[in-house]
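For the record, the sequence lines run as chains W and F.
Under this note's numbering, the residues of the first sequence are numbered 44 to 368, in order.
Under this note's numbering, the residues of the second sequence are numbered -19 to 140, in order.
There's no promise every hint is true.
Straight line, CA to CA, 25 angstroms or less: simulated DMTMM-like cross-link-like pairs of lysine to aspartate or glutamate [as the list claims (entries may be wrong)]:
1) W:Lys174 - F:Asp10
2) W:Lys80 - F:Glu15
3) W:Lys80 - F:Glu53
4) F:Lys103 - W:Asp119
5) W:Lys345 - W:Glu167
6) W:Lys45 - F:Glu53
7) F:Lys103 - W:Glu121
8) W:Lys80 - F:Asp66
9) W:Lys45 - F:Asp10
10) W:Lys45 - F:Asp(-12)
Some but not every residue of chain W turned toward chain F, in silico, with C-beta under 10 angstroms [said to hold, decoys possible]:
11) Met44
12) Pro46
13) Ala48
14) Gly77
15) Met79
16) Ile83
17) Arg88
18) Ser93
19) Met148
Keep in mind that the hints were calculated from the coordinates and are not lab data.
Cβ coordinates follow ideal geometry from the N, Cα and C atoms, glycine included.
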Amino acid sequence: MKPFAYARPATVAEASRLLGRGSPAIAGGTDLLGLMKGGIAVPERLVDLSGIEGLRGWSRERGAGLRIGALTPLVDLEEDDRLARSLPIVREALADAATLQLKGMGTIGGNLLQRNRCWYFRDEAFPCWLKGGIRCFAADGESHYHAVVGTDAGCNRVTPSDLAPALVAHDAQVRLASARGTRTVSVADLFTDPALHRREEHTIRPGEILTHVVVPEAGLQRRGTYRKAMDRKAWSFALVSVAAAARVREGRLRDVRIVLGSVAPIPWRALEAEQAVEGTTVDDAQARRASELVLRDAVPLKDNAYKIPLARELVRRALLRLAGA
Amino acid sequence: MLGPGAADVAFEVNGHPASVHVPPHHTLLDALRDELGLTGAKRVCDEGTCGACTVLVDGRPTYSCMTLAVACEGRSIETVEGLAHDGQLDPVQQAFIATDAYQCGFCTPGQIMSVVALLRANKAPTAEDVHRAVAGNLCRCGAYPGIVEAALRAARARRR
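So that you can see chain W by itself, here it is in the shape it has in the complex (with noise of 0.2 angstroms):
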């Protein structure tokens, strides 16, 4: 790593100031250190988060959903059993995110902000797009893990985070704080719209920090589960993975999400899929055939064409377990 200044505040107020073009936030430095290592991102100043305080920790308020503490590592979340009651698909999302040490570094907001894992992205020799180049070198190079549709900037990389599909199927939101206030957007509204062109995975501002995350009460009153495949069986990104969530009565689901991760630059709502089940009970025929709308306008590329089926599949599993059948 090349040296830099160190900071680290106490409020968001003092890190807002301090954060902005080469002066980059870090919280469990899990994604960020391995970027400075790479080269890839090459900081004149950190400013750390881990000294501000109130932002650990979740609570649930009746009527004002479920608010999660940015800086929560990943593990506390993952085994806390009165959270996996509130919100079991978190538990679920992280069973295989990480090892146990990343889970215990790495924070809830980091995972959301967590950089793509293209290789040719994270290898300093290749100049491509999202770096300021001027080609994705995945379109016509080695694409096992890349993304089959939402590719409209000619950028290839796919949204790693598990979490981010699991939240974004319970239509969570993200606070975010800067010296001049407060905004809130959706989890799915973080991520930039690929159809932009811009060159940047999130819409995260110069100056703002992710202070929590929040679940509203209809997103709570969903079930919810995930599905992940991986390429070995211990922890591993993605390659393809499934949040779907729905409120479930008598078998019967309503307001269906349904969303993958890992096959487009952003969490991708299989919006077809969703409204062949929204309304209906689904038995293995039904899920069947919603699965089948999944993924309909995919382009993939030379490596990549196995993710379609699978992501079928997956989804034909989540319905199955959403409708309890």
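Got chain W; can you put chain F on it based on the hints?
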């Protein structure tokens, strides 16, 4: 504000106060090995995937290669060097010997620290609990059966 030059960082290492003079871009692993001479934690992948550098920070198993030394100000660090007391190895270390839970031994200090943390939180772990605890510690010799047996054996020894 610290750096980019070296600054004093004070923390506790194996129960004793320690101070290092390091620049912000040095990791906890750098500080332990190069400043304090504690070479039990190993530098292998140096990118947070192999677990050979695992130490406990405030009791949590942590990749010291992915932790900045300056971020450890005031924290409690435990390394494999701190486990033995009065010339007696820790029961986890004894169990690793008894079950021959290594071949080359390079991953062993990290494995042991992960098992120590597990046994503090869980007095009667199952084999599955041990798998989860050491899944972040790669052993390329394939000594996992011995490692799992060692953890279960150490847990039994502690309960006795």
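Hint check results:
1. W:Lys174 - F:Asp10: violated, 30 angstroms
2. W:Lys80 - F:Glu15: holds, 20 angstroms
3. W:Lys80 - F:Glu53: holds, 22 angstroms
4. F:Lys103 - W:Asp119: Since the Cα atoms of F:Lys103 and W:Asp119 sit roughly 19 angstroms apart, the hinted pair holds (cutoff 25 angstroms).
5. W:Lys345 - W:Glu167: With a Cα-Cα distance of about 23 angstroms, the restraint between W:Lys345 and W:Glu167 holds, given a limit of 25 angstroms.
6. W:Lys45 - F:Glu53: With a Cα-Cα distance of about 21 angstroms, the restraint between W:Lys45 and F:Glu53 holds, given a limit of 25 angstroms.
7. F:Lys103 - W:Glu121: Cα-Cα ~20 angstroms, so holds.
8. W:Lys80 - F:Asp66: It is violated: about 40 angstroms lies between the C-alpha atoms, which goes past 25 angstroms.
9. W:Lys45 - F:Asp10: holds, 14 angstroms
10. W:Lys45 - F:Asp(-12): Holds. W:Lys45 to F:Asp(-12) sits at ~19 angstroms (cutoff 25 angstroms).
11. Met44: At 4 angstroms from the nearest chain F Cβ, W:Met44 passes the 10 angstroms test, so the hint holds.
12. Pro46: With a closest approach of 4 angstroms, the W:Pro46 hint holds.
13. Ala48: holds, 4 angstroms
14. Gly77: holds, 5 angstroms
15. Met79: holds, 8 angstroms
16. Ile83: violated, 12 angstroms
17. Arg88: For W:Arg88, the interface hint holds, since the closest Cβ of chain F sits about 8 angstroms away, which is under 10 angstroms.
18. Ser93: holds, 7 angstroms
19. Met148: OK, holds: W:Met148 within 10 angstroms of chain F, min 6 angstroms.
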